[in-house]
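So the protein lines, in turn, are chains A and B.
Sequential numbering of the first sequence, starting at -15, is according to the working numbering.
Sequential numbering of the second sequence, starting at 2, is according to the working numbering.
Hint data in this document are derived by calculation from the structure and do not stem from the laboratory.
Since this is a predicted model, take the numbers as computed values, not measurements.
All residues carry an ideal CB built from backbone N, CA and C; glycine is no exception.
Be a bit skeptical, because a hint or two may be false.
Quick look at which bits of chain B chain A covers, simulated, 3 or more residues with Cβ under 8 angstroms [said to hold, decoys possible]:
| # | stretch |
| --- | --- |
| 1 | 47 to 53 |
| 2 | 185 to 193 |
| 3 | 264 to 272 |
| 4 | 371 to 380 |
Reference excerpt, derived from the structure (chain B facing chain A, CB under 7 angstroms, subset only) [claimed, not checked]:
| # | residue |
| --- | --- |
| 5 | Arg334 |
| 6 | Gly338 |
| 7 | Ile455 |
| 8 | Ala456 |
| 9 | His493 |
| 10 | Ala498 |
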Amino acid sequence: MKVPWFEGVFPALVTPFVKKTEEVDEQAYRRLIRSCLPDVNGLVTSGTTGEFPYLTREEQRRLVVIGVEEAGGKPVIAGCGASSTQEALTLVRDAQEAGAAAALIVTPYFLHPSDKGVYQHFYDIATGVDLPIILYNIPQVMDAYLPRTVVEDLADLPNVIGLKDSSGNLTYTMELLEFVSDRINIFIGHDEVVLPALAGGVSGMILASAQVYPDVWQEVFRLVAEGQVEEARALQRSVQKLSRIFCRYGGGVAVKAALKMMGLDMGPPRKPLKPVGGALIHETRAEIRLELEKLAKIPVEEAAFEYPNGPLAERFDDLEITPEIIASHDMRIGSGTAGEGLNKVQIDLIAGGKQTPLGDAYALQLTYPLHGREALTTILEPALTVRPSTLLLPALPQKNLRQANMIYGPTQLALARAIVDALEEGHIPPTAVDGEVMVALATVHPRALDRHALYQSVHAAATLALAQTFA
Amino acid sequence: MGYKTDWFKGIFPALVTPFGGAQGKPFTADDKLDEAAYRELIRFVLPHVNGVVPCGTTGEFSYMTLEERKRAVEICLDEVDGRVPVVAGTGCQSTRETVALTEWSRDAGVSGALVVAPYFLKPTFNEVYDHFRAVDKVGLPFILYNIPQCSGTHFKWWTAEGMALDLDNAIGIKDSSGDMPFMEAMFEKVKGKVSIFVGHDEVVQAALAAGADGAILASANLIPDVWQRVYRATLEGDLATAQEWQQKVQKLVRIVVRCSSTQAVKEGLRMMGLPIGDSRHPVMPGGGFRREDYGELRLQLEGLGKIAPANVLYDLGDKQVETQIAATPQTGRTISGFTMKVGEGFAGPPFQELAHVDLLLGLKDGPVGRAIERSMEGWGEERGLRIINERPRTLLVPTITIHTAKQRRLFYEHAAEGVNLAIRLSIEDGFLPEGILDDVVLIANVFVHPAASIAKRVEFNNYKATRHAIRKALEGRPTVEELINEKAAARHPFRYAP
């Protein structure tokens, strides 16, 4: 049966832990709730994002108590997921005593009960307590869907008020709306498809990202209710990549990383999850920072720099190559610039015999790590090294992994393609293929962030530089 | 009711179909069936096999025209000349084409047809059943072929049982799924009534020991002798020998099965000196069969003695050194340009433990030697550089900053051990001959991911990456031709946003 309060935006709160001891950090939890409360319609404690399988019964109860204390009258939904019916019932009774408005109960997992078993699980809980129940479908971690036919029957139980669908599978969501939305409210639990789900008719959302940008979701919810789909679309798209990262590349761990960047330190996850290096890899964490900057959730670091100018032959100092050396060893040089604004790129290229000082510079660069400008062998993909052998040397110090990502991915590939283009078109003489090496000094804006545009700029700049080098 | 023949047993290679001549240039005028190479391949396998299968999955039947399939079967029949049975792959997507090709094959004189479950549009099982029923009416003995990895439909045991028992000309089932519970169900239901063949190279010995009558295999193009040995040993009840040989080739066949089998088999044959071109597009070199797979497959074939050693001259300028190595047709017989050679190696999975090695190999008194001496006199210690071997003198350089004790251990103990093992084995196999060990030096710039955990994997992957990098540096791979062929399709893992 539907209840009026179950609609809108609900964050699936992370559970903060103290580093090392792994104890629940209640103060941090209160800070987290206070930060998102103005933009949400209620709270969800100890859900999947809250690492419920790693929490004790008492810890889950405490989270509800704190939630109710901090929620200022907004409803608190207690995650009461368990593998066995008995344990789930115990958790729901605890939640009720602690003041929860409803219990969110995940499909029973691990031993994969039959459809009959799944029905019985929810039936026993719904008839065993006097608390509203929300069904919860999350096949990504359960390895099974809550069957629609079972939901159809469960929706007849008076205290079943809704279903949270985290599958992201809109064919399933639409099927539920078709069969049960007259009796219960369907919530979307997958951050990547909030807008299409709202447009399709869901009543609200329970999301990991609703503690990072609840304001965005509240606005999307309002816009869809008012029929302003264009505006809602733009907003959904502005958080699409972050939502994807939260859903697919780290879950609660990635949410904690984002919150920490925003000044809300929720501590590490409980083991065996790793704060970084497990589901959330270092490269993705760097990407989160970038996206939070775009959303103005954290300030942007400004960096002053210049594109190298002055005579081209004087730009290879770092390699100990002077204009005199270039002249006396018949080295070839060329330069190219392309792109606008953040995507402006300059490539300064030098080619010369392996026996010349450029050969020495090449070898030396590979022994010279840790100075923030590590040189890379230019490759089309791993194990597909271009010829002539070419080092890509960033002109500016790489201060963070996101800057490095722009160099190692799009810049490296674009340079490699430009070189092989030149090979294919016969611009590079056959004697140079084995007899020479090249070093490409690449100046990329420290705040470049559009990989596609950057790739285009580097390819254009490198093509110009190669044409000049081998003219 | 199906029946069991006395000829459908033993080892049958699923022959690759050579296209485009020795150099293998797909999408050129040469991209046609290479009859001479096909005959050479058949002559190569024939002494070791109990039958052959032209135009199976490994034969790229799905990339061939009907005319080409017929021509391949004709060549096969002619070259085999009755010495062993020929089982032609005649499966097509539609029933009409399948029946027509099976009828043609019957008239051409094949012993039987291997008929794959109709694929892509995923007919239901009663539709699949009626498809085979139509094939049955052709009157040619045929084999039901289950290969869910490609066809997208996995036979249910009750369907397979029904077809094997109902259809008069069904003489066998080939199961390439590798799904042993399915195979066991087949033994339970139809053993003795039709032949049961295994088609998954990784479980051949297990399937034969469990009761399979034979095997149709991609890797039987490369190692028909090994499979015949496994088959014989099993028949004689010598399980220990059968197991030993399965295990000896396990890695080789895993590469074949999982890394684009058609291309893997063709490249393996090429390494062994048979003039076989590449797979037709969209399968391509450097695709599913990656460069690291090339390196590993080559080592496996070498280990089995399948790649003959050749004399190669290393020209160091003021010194010449002769060495004997397992050279492929791609290996130059004189290698020069030792001033500085660049090789790159890459090996994984898993992601966190993947290895990436930038290798420089060059003369001690050239740029590589000078860089080692200068860096060790200068910033070597401060920046974590380390000499890890003296002959050849080898400098290990961390690609990224090492922050933690765990990273330090993984890098200086495990990655370093991997690099050293690669050097030791390259000395043993002749790629780094004794005569050059005092003249050339190495710089290995090695990447260990900060999230790496599994020490042994770090070691193995760095061993592989370095061993391949040494060979690539010496042999000048990738070639300009390879670069141009793969330029457009290359997939750089860090080009894209998460």
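Hints and how they fare:
Chain A is given as covering the stretch 47 to 53 of chain B, and this is violated because 0 residues of the stretch bring a CB closer than 8 angstroms to a CB of that chain, at least three being needed. Given a C-beta distance limit of less than 8 angstroms, the hint that chain A covers the stretch 185 to 193 of chain B is violated, as 0 residues qualify and 3 are needed. Judged by the Cβ-Cβ criterion of 8 angstroms, the stretch 264 to 272 of chain B is not covered by chain A as claimed, because only 0 of its residues qualify and three are needed. For a cut-off of 8 angstroms, the count of residues in the stretch 371 to 380 of chain B with a CB near a CB of chain A stands at 6, and the three-residue condition holds.
The interface hint given for Arg334 (chain B) is violated, since its Cβ lies 16 angstroms from the closest Cβ of chain A, which is over the 7 angstroms cut-off. Given the 7 angstroms rule on beta carbons, the hint for Gly338 (chain B) holds: about 6 angstroms separates it from the nearest Cβ of chain A. The criterion of a C-beta within 7 angstroms of any C-beta in chain A is not met by Ile455 (chain B), whose closest approach is roughly 12 angstroms, and the hint is violated. Because the closest C-beta pair between Ala456 (chain B) and chain A is about 15 angstroms apart, greater than 7 angstroms, the hint is violated.
Evaluation of the His493 (chain B) hint against chain A yields a held restraint, the C-beta minimum of about 4 angstroms falling below 7 angstroms. Residue-level restraint check for Ala498 (chain B) holds (minimum Cβ-Cβ distance to chain A is 6 angstroms; threshold 7 angstroms).
The structure shown violates the earlier hints numbered 1, 2, 3, 5, 7 and 8.
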